[in-house]
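Protein sequence lines, in the order shown, are assigned to chains A and Z.
Residues in the first sequence are numbered from 1 upward in steps of one, following my numbering.
Residues in the second sequence are numbered from 505 upward in steps of one, following my numbering.
It should be emphasised that the hints constitute simulated quantities derived from the structure, not laboratory data.
Among the clues, some could well be false.
Far from chain Z, some chain A residues (derived; all Cβ distances over 10 Å) [stated by the list, open to error]:
1. A82
2. M110
3. W116
4. R192
5. Q222
6. E309
7. R318
8. E438
9. E452
10. M453
11. P476
12. A477
Taking CB as the label site, the calculated pair distances span [as the list claims (entries may be wrong)]:
13. Z:N526 to A:G107: 21 to 29 Å
14. Z:V613 to A:G107: 32 to 40 Å
15. Z:V819 to A:R320: 21 to 29 Å
16. A:R132 to Z:T803: 39 to 47 Å
17. A:N16 to Z:N808: 52 to 60 Å
18. Z:R524 to A:E123: 18 to 26 Å
19. A:D384 to Z:V819: 42 to 50 Å
20. Z:Q814 to A:R368: 47 to 55 Å
Listed next, the stretches of chain A that the computed footprint assigns to chain Z, with coverage defined by at least 3 CB atoms under 8 Å from CB atoms of chain Z [stated by the list, open to error]:
21. 66–79
22. 89–101
Ideal Cβ placement from N, Cα and C applies to all residues, glycine included.
Here is how the chains run, residue by residue.
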Amino acid sequence: MTEDGILLETRGISKNYGAVVALRSGDIRVRAGEIHALMGANGAGKSTLVKVLTGDIAPNAGVILLDGREARFASPASARRAGLASVYQDVSLVPLLTIAQNLRLTGTTMAAIRPWLQELELEDVDLSEYARDLPTPTLHLLDLAQTLASLPRVLILDEVTATLPADLSERVFRVARRWRAEGRSVVLISHRMTEVKALCDRATVLRDGTTVGVVDLASSGQEEIVSLMLGPAAASVVVSEGAVADSAPARKVDPSPAVEVRELRSGLLQDVSFTLRRGEVLGIVALEAQGQADLFECLSGNRRPDAGEILVQGKPRRFRHPHDAIGAGLVLVPADRALALLRQRSVLENIALPMVNQLRRWGLINTRAEGRRVRTAIARLEIDTRAGSRVMRLSGGNQQKVTIARWLATGFLTLLCFDPTRGIDIRTKEQIYRVLRELAASGSAVLLFTSEMPEIQLACDRALVMFGGRVVAEFPAHDATEAVLLRAAHGLERGGAGPAEAAS
Amino acid sequence: MSAPAVARPRVAPGLARLLRRNAWTLGTYALFVAVMIFTISIHPDYGPYEVRSLVVGAMPLAFAAVAQTCVVLGGGIDLSIGAMMAVANVVAARYMQNHDFTTAILLSVAVLAGGTLAGALNGVIAVRTKVPDIVVTLAMSFVWGGVALLILAKPGGGAPDAFLALAGGNLFTPWVPNGILLLIAVVAVVWVPIRLGRLGLALYAVGSDRTAAFRRGVKVGPTRVFAYAVGGFFAACGGLALLMSTGIGSPLAGTIYTLSGISAIVLGGVSLAGGRGGVMGPIIAAFVLTMVPADLILTGTDPNLGQVIQGTLIVLVVMAGGLAPLLRSRRRAIVRGASSG
Chain A
1 MTEDGILLET
11 RGISKNYGAV
21 VALRSGDIRV
31 RAGEIHALMG
41 ANGAGKSTLV
51 KVLTGDIAPN
61 AGVILLDGRE
71 ARFASPASAR
81 RAGLASVYQD
91 VSLVPLLTIA
101 QNLRLTGTTM
111 AAIRPWLQEL
121 ELEDVDLSEY
131 ARDLPTPTLH
141 LLDLAQTLAS
151 LPRVLILDEV
161 TATLPADLSE
171 RVFRVARRWR
181 AEGRSVVLIS
191 HRMTEVKALC
201 DRATVLRDGT
211 TVGVVDLASS
221 GQEEIVSLML
231 GPAAASVVVS
241 EGAVADSAPA
251 RKVDPSPAVE
261 VRELRSGLLQ
271 DVSFTLRRGE
281 VLGIVALEAQ
291 GQADLFECLS
301 GNRRPDAGEI
311 LVQGKPRRFR
321 HPHDAIGAGL
331 VLVPADRALA
341 LLRQRSVLEN
351 IALPMVNQLR
361 RWGLINTRAE
371 GRRVRTAIAR
381 LEIDTRAGSR
391 VMRLSGGNQQ
401 KVTIARWLAT
411 GFLTLLCFDP
421 TRGIDIRTKE
431 QIYRVLRELA
441 ASGSAVLLFT
451 SEMPEIQLAC
461 DRALVMFGGR
471 VVAEFPAHDA
481 TEAVLLRAAH
491 GLERGGAGPA
501 EAAS
Chain Z
505 MSAPAVARPR
515 VAPGLARLLR
525 RNAWTLGTYA
535 LFVAVMIFTI
545 SIHPDYGPYE
555 VRSLVVGAMP
565 LAFAAVAQTC
575 VVLGGGIDLS
585 IGAMMAVANV
595 VAARYMQNHD
605 FTTAILLSVA
615 VLAGGTLAGA
625 LNGVIAVRTK
635 VPDIVVTLAM
645 SFVWGGVALL
655 ILAKPGGGAP
665 DAFLALAGGN
675 LFTPWVPNGI
685 LLLIAVVAVV
695 WVPIRLGRLG
705 LALYAVGSDR
715 TAAFRRGVKV
725 GPTRVFAYAV
735 GGFFAACGGL
745 ALLMSTGIGS
755 PLAGTIYTLS
765 GISAIVLGGV
775 SLAGGRGGVM
785 GPIIAAFVLT
795 MVPADLILTG
805 TDPNLGQVIQ
815 GTLIVLVVMA
825 GGLAPLLRSR
835 RRAIVRGASS
845 G
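With these hints in hand, go ahead and build the complete structure from the sequences.
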């Protein structure tokens, strides 16, 4: 270790893919015994820096110093031997092997991993299951357990909590604190400011592929991080929480219902009833696996409900296929962009995809009309299309905007957003909130499930809380503080007017 | 609170899960039994002679299928397997002729080594140049096809009788031809240790998800080269088996085995996307695919119609087998995406 306690340091790491510069000059200095946040907007180069640190990709320039000595990693395996190991944003377990076989691949012994399985409360997981048969949060924790088993001196957590519900995230934080207490280091990448503030000692901020500052979290607040992330040009758009809601156009909630759900039952969903009116953004809050996914599956026509009714503008509808739902004006923005987009195709084609049913003339696609509507949608959402020839090259936030732009261009009545801002930077999030509110103001209805409770007050008019497959509480947005929502989401109290009563 | 998100109810523990995971292979066995029953029903005096022709006829295809399986499991495909078989076949036939059994065996070992190298060459080219393997191996199939014709322009050559008896003879009883023992022995000695060891695990990992395998510490490039090398070895086995089965060398006979080998692995439950399947299914499928045309001839069907029937059979079987996972995946959610909610 060097004299100032720096365990890991990088200097001027850069990486480009052809003409696209992913990382210009990544510098980070991580002390032994600290939890160090790596922050930046989407596309700022955080994941690229992590991949360089763990030998997943080779940098074009720059050096990595471990204990003050230069280190080179040809593969994740060699980085792991040197003491750097990462849990990646996307799960890195081989899907067609069992968990036990995945452990064998890295040479992890049961003796080494067992304490960590216990620490992360994974004792019940059947290790002879194929990785692809287990839910993603479980895989992320298993990945973490295995990484911990190699006792890395620097543990890197790349957006691990983005796909984890709050209670599982807490287990990850517990491990991170323990790592710090034992004099090792943790590098944490997260978009959740509260998480970073509560857990980390210092934060390195990246913007446009360059390190723009290091913030001591004990002495300074999140405003400093946000202004660093946004840069001098954008400093004026820095807003405190709640400002988005205040600045939005005054909304007139049209009393006519866009969608009515009556005693819907499917999967985890048990007799859910509520009304979504035109001109409102209705928030859904729930912990992991409380039936919210089933609700969205039914509304988007991806699954037929076991019982109950869906009324669109007063008429009962049965959806056999997403096509039926889209025809009725119900369109879905899923959390996982990869499921909504054609990753290899251009931004234009992705946005135009659902329009082909409308813009055909004698079987040919009317490309001029298509282009006009697509450009309007791109401009409205401020999509960065520089890498637009393939959607997979866009950052996550831009990909999500493409998903929304698709429906803007196609037209819809009700937008179903399932955790649309997962893993997206603050600035893009704000753009998305603003668009949702504008859509509502222009007479559409928006149903928004979010895993981040502060979003409710930022974007919604009303919030429903689901627990155990039922709607257990309803709040107007100004009452829906995080504390209130959290209690209700844990099934601790029944608040507000029960929608079941309201429906009857 | 967290329990439902992490712990999954165990729907099918133990035996049930074992059956589910090997359902396709078991299905292939059932198909084999069904076709066998049909064969015996139209051919009441089915005896050792028929068993012998079946085994001898199926061996080249069985080896071709095992060769393709090795490559496909690792996430690749090798379109030059038939051409490599042809080269192995003509080299052996040309140089074994008029020699004794010992020379024939030594030559076989050389041919097998050459096949392994040829396979490895495919792998090295595909890995180093990053040209898609389907292109590399298609090009190599022309190269080896030409080489086979250069070595032996028209069918000819031969092999000592003792060598041919390795497939057609019988050590114990006429009901068990040597060929089947040879097939089992080669697969047991070469494939089983790979499958049970770290290399096999790496092979399946690379075929299943290359990025994840890399992050798990698997050496992806060398593993892929290894898959092609083993494929080349089994292709050479196929070429030798072809010689045992026909008694002569033929520069063109091998080429059909590229595509019929792929039919056999598809029928045998190997996923062309990689990472899923084993060698037992394709071997049994090779026997089924050998029996069906023979049966059709016995029933007096036009051989050309036989081709149609065989193709239809493959599509139907694969459709039936694909139905179960399809039904399961339709229930897989789109909304929840990366979460399990």
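Evaluated hints:
no.: 1; hint: A82; result: 13 Å, holds
no.: 2; hint: M110; result: 16 Å, holds
no.: 3; hint: W116; result: 14 Å, holds
no.: 4; hint: R192; result: 15 Å, holds
no.: 5; hint: Q222; result: 26 Å, holds
no.: 6; hint: E309; result: 20 Å, holds
no.: 7; hint: R318; result: 18 Å, holds
no.: 8; hint: E438; result: 24 Å, holds
no.: 9; hint: E452; result: 13 Å, holds
no.: 10; hint: M453; result: 15 Å, holds
no.: 11; hint: P476; result: 25 Å, holds
no.: 12; hint: A477; result: 23 Å, holds
no.: 13; hint: Z:N526 to A:G107: 21 to 29 Å; result: 27 Å, holds
no.: 14; hint: Z:V613 to A:G107: 32 to 40 Å; result: 35 Å, holds
no.: 15; hint: Z:V819 to A:R320: 21 to 29 Å; result: 27 Å, holds
no.: 16; hint: A:R132 to Z:T803: 39 to 47 Å; result: 44 Å, holds
no.: 17; hint: A:N16 to Z:N808: 52 to 60 Å; result: 58 Å, holds
no.: 18; hint: Z:R524 to A:E123: 18 to 26 Å; result: 24 Å, holds
no.: 19; hint: A:D384 to Z:V819: 42 to 50 Å; result: 46 Å, holds
no.: 20; hint: Z:Q814 to A:R368: 47 to 55 Å; result: 50 Å, holds
no.: 21; hint: 66–79; result: holds (count 3)
no.: 22; hint: 89–101; result: holds (count 8)
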